[in-house]
Amino acid sequence: MNEAADDVSKAEAGSEANPELVVISGMSGAGRSTAAKCLEDLGWFVVDNLPPSLIPTMVELGARSQGSVPRIAVVVDVRGRRFFDNLRQSLADLDTGGVRRRVLFLEASDEALVRRFESVRRPHPLQGDGRIVDGIAEERALLRELRGEADLVIDTSSLNVHELRAKMDAQFAGDEEPELRATVMSFGFKYGLPVDADLVADCRFLPNPHWVPELRPHTGLDDEVSRYVFDQPGAKEFLDRYAELLRIIATGYRREGKRYVTIAVGCTGGKHRSVAMSERLAHRLVSDGVETVIVHRDMGRE
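Counting in the UniProt record's numbering, the final residue of the sequence shown is number 302, and the numbers go up one at a time with none missing.
What the hints contain is simulated information worked out from the structure, not anything from laboratory work. Fair warning: this is a prediction, and the values are worked out from it, not measured in the lab.
Quick list of the computed label-pair ranges, beta carbon to beta carbon:
1. 145 to 97: 19 to 29 Å
2. 120 to 148: 25 to 35 Å
3. 214 to 142: 48 to 58 Å
4. 223 to 128: 51 to 61 Å
5. 214 to 130: 48 to 58 Å
6. 195 to 134: 15 to 25 Å
7. 148 to 47: 16 to 26 Å
8. 300 to 121: 24 to 34 Å
9. 283 to 110: 27 to 37 Å
We put the CB at the ideal spot given by N, CA and C, even for glycine.
Please put together the full structure from these sequences, using the hints given.
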């Protein structure tokens, strides 16, 4: 009788499957709570402000749930060096245990973070007796190593809540993990490079529709602007060759286990050329089997 019970216990232990884990971190004010709420709405079991040392315990409990908790998201707030060391050790333990885990890092510019803290009249959690920018600088220094190790970085500087939710849905809603997910982001160089870009393409070699009076008020989403852009010498050739280059890069990313890539396409203002090129490039990626999200960061900003 006892032997039979032991056999059943061993069988149950052998059938335990580790849940999928996402660790949400990043800058205070960059949207951690919104990202967590989005995952919760998608059916993830979300734990906020869990001490990093308890993450392996949470995963173990999920594994014992007999499949009722298949996906866990943990929000962590790194405010001290020891806290970060605990997180690093916990992630190493999970890797040793074969747990499929990802780190999502929410980023934003100093200007955007200051504006958000001032709008809600709250101090930054690390500013102490100093200014908001002092707290931001200290937190950014503490998080630098974690950001470098993150699987996915989302820059929320120019995103509203709905746009952030759309990006989260695109990355985490599917039941099956695709081989590679891409974000194609148009932007204006005059507003700065996207901090979360893995690859950057420059469309400023093409004539600017801004200087064509009848095209100036339109965007790269409009047919007349898109036709103008791709009627220019080198535009179609650039699209063809860059798409081919991305096929090579995508093959390497899949081989190395990289699941996310952000491709930034820039022009001067992020309204005409980069928007038109991003749309065409995204269609090429989709046709190559890459799940793709399009973000026009600076369109409408002027």
